[in-house]
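Could you build all of it, start to finish, from the sequences and the hints given here?
The listed protein sequences derive, respectively, from chains A and B. Numbering that gives the first Met the number 0 numbers the first residue of the first sequence as 0 and each following residue consecutively. Numbering that gives the first Met the number 0 numbers the first residue of the second sequence as 0 and each following residue consecutively.
Derived from the structure by calculation, the hints contain no laboratory data. Fair warning: there could be bad hints in the mix.
[Claimed, not checked] Now the stretches of chain B that chain A is said to cover, found in silico as 3 or more residues with beta-carbon under 8 angstroms: (1) 35 to 46; (2) 63 to 73; (3) 153 to 159; (4) 163 to 169; (5) 192 to 203.
[Said to hold, decoys possible] Capping the alpha-carbon separation at 25 angstroms, the derived lysine-lysine pairs in DSS-like fashion look like this: (6) A/K265 - A/K276; (7) A/K125 - A/K135; (8) B/K75 - A/K125; (9) B/K242 - B/K253; (10) B/K146 - A/K7; (11) A/K196 - A/K280; (12) B/K75 - A/K140; (13) B/K22 - A/K7; (14) A/K265 - A/K280; (15) B/K227 - B/K253; (16) B/K227 - A/K7; (17) B/K94 - B/K75; (18) A/K135 - B/K75; (19) A/K276 - B/K94; (20) B/K34 - B/K22; (21) B/K146 - A/K265; (22) B/K227 - B/K146; (23) A/K125 - A/K140; (24) B/K227 - B/K242; (25) A/K54 - B/K176.
[Unchecked claim] If you want the ones that stay clear, here's a sample from chain B, every Cβ over 10 angstroms from chain A, calculated: (26) A21; (27) G26; (28) L59; (29) P77; (30) D102; (31) H109; (32) S111; (33) L283; (34) R322.
Computed from a predicted structure; not experimentally measured. Beta carbons: idealized from backbone N, C-alpha and C, even for Gly.
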Amino acid sequence: MNSQSVMKGMIGFYIAIFFLYLFGPLAVMSVTAFNTPNYPTAYPFEGFTLDWFVKLWNHRAMMEGLWNSIIIGLGVVAVSVPVGLAAAIIMSQIYHRARGLFYLVTVSPVLTPGVIIGISTVIFWKDMMGMTDFTKATFYKGIILAILGQSSFVAAYSLLIIMARLQRFDRAQEEAALDLGASHPQVFWHILLPFLKPALISAAVIAFLSSFENYNTTTFAILADKTLVTVLAGEVRQGTTPTLSALAVIIIGLSLAGAIIYEVMKRREEANAERAKERAKLAERSDLGEAGAAGLK
Amino acid sequence: MSSRLLVFLIPVIVIAIFWVMAKMERGVAHDPTHKGFFERNGTVLGVTFIVLVAFWTLFLVTLPYLYMVVESFHPKLPPMQRGGPDDVLTLEQYKSFFVTPTDGTWNTNHMSAFVFSLIASVLVTAFNFAFSYPLAYYMAQAGTAQKVRLIMLGLIVPYWVNEILRAFSLRLLLASKGLINQALMGIGITSEPIDFLSIDVGLYVGLSYAYLLVMVFPLYNAIESLDKNQIEAARDLGAPWWKIHRDVVIPYAKPGIASGCTMVFMLAAGSLAAPQFLGGPSTLWFTSIVYDFFFQAFNWPRGAAYAFILLAACIAFVMMMLRLFRVSLGETIK
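So, in structure tokens, the structure goes:
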């Protein structure tokens, strides 16, 4: 018994160290956002200030970058979710000998270093779009190249997420609908898509977040434009100011809020499910009671 | 221009080969219940699927990669001369990795940066595995459902903060005026601040910190599906805890371990943020060299050649390790 409590203590200690490693640096950075010195310091705490948040709000390049990041993120969602969906469907139907190669080609961008994806995107599209003056002027832009480059691996994330759910799809539903006279597009829109909806939503969220955070591919593909992350990289390279800490505080705050909302919703859902189970049990018992009473008659 | 045109022919040939194979097979074994692709999806949707997937696999994946490889076999030329008589196939970019083009001596700078990047990535991968394994095991086998969900959220939340800001936060901690040095000097362990960044501590910590999550999740997924009874059985038969892990859990979770290690290694070897912001001033990281070829020397072919060397070496290394531990590639990317 004693050795078990020692073990428990050790596990607790280890988990505490693990999360200290994850959260410690972020916590220290958050403190620096509210401290007055020009150089971000947590200790000594010289005075409380919100100036760095005001400076962040007035930082033109960062706001411009944020706006571009949102546009690119939405573009990546618009490209990679439909592509991932189409690829998942093709994966389930493709000629069996070609499946291995298809899988390799579609999943390879996940393992390829982002730097290489960025470089190849720029080299390839510079020549493709540079063929005529018109295409060069309209399409050879950082935002478009960033969407193309990021989509190449984000679509693979979508594929993996959607495929996992598609594998649980019961083909009999499709057959039933077809037998009842539904057309193929009707089956797709009214049966397959509603079934895949949770996977499509999580694919879209993951796509937006990974686009928003991406540095390695974007720093090449963005050309002369900027995203929030490339602006940040420039700032960190030049030196450190608490303005960056202020931005981190906002992001951490938003993530924590999202996580808490998720947890509360999950708990409520569980409580509801529990209550429904109780009710079902009660109903079952009363059914049995009636049946018993009926048996006595 | 002709060598670049070749790039477009390769996918066409590969697709044609598979198409012919499919046709021939259907001719040999005819299955009356088999439905064609367009029959199953309807023509409009079928065409849409194919167009979307073709655009992705050809224009976003295969063609850019192949194009980059072809570019790396070309000399660096001003834009006007591209496609002209001087634009010939050459190995000079690859040669420049071994021999410095200007003075003909061994290019030890770049070669040692290359070796250093790979070794550092291996070390980071090993550390992350050792550090994440107990947590993944705890989440998969020992924790209650609610605890696991909390841990999961705790793991994900820090990763919504982007890579740059996380590197920045570590820099604040490890800087010579940072909190760790203040603490060390406060306790009296050192009297002078330790420059963690220039002795590469920052680099290692940064890489490990950046990709910790990438290790935890595959491990968790793999261990989670292991039947608890197997561990119980081993324990009842008197196996000590380390033997249970060595003989039951690790062999079972091997595909997940391989997948986590592969991902962390590839990401670390190709990382840019941690070496740029946490590496010491004299530390040469291979992707940073590639970055400089693009943004400072404007030598795209040489940058492409270096990028290809990195990719080929990483793939070769991963394949070798997978073979050594007897895991198939298919299991790894599931």
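Task: Violations among the numbered hints, reported as their numbers in ascending order - done: The structure breaks hints 5, 11, 13, 19, 26, 28; every other hint is satisfied.
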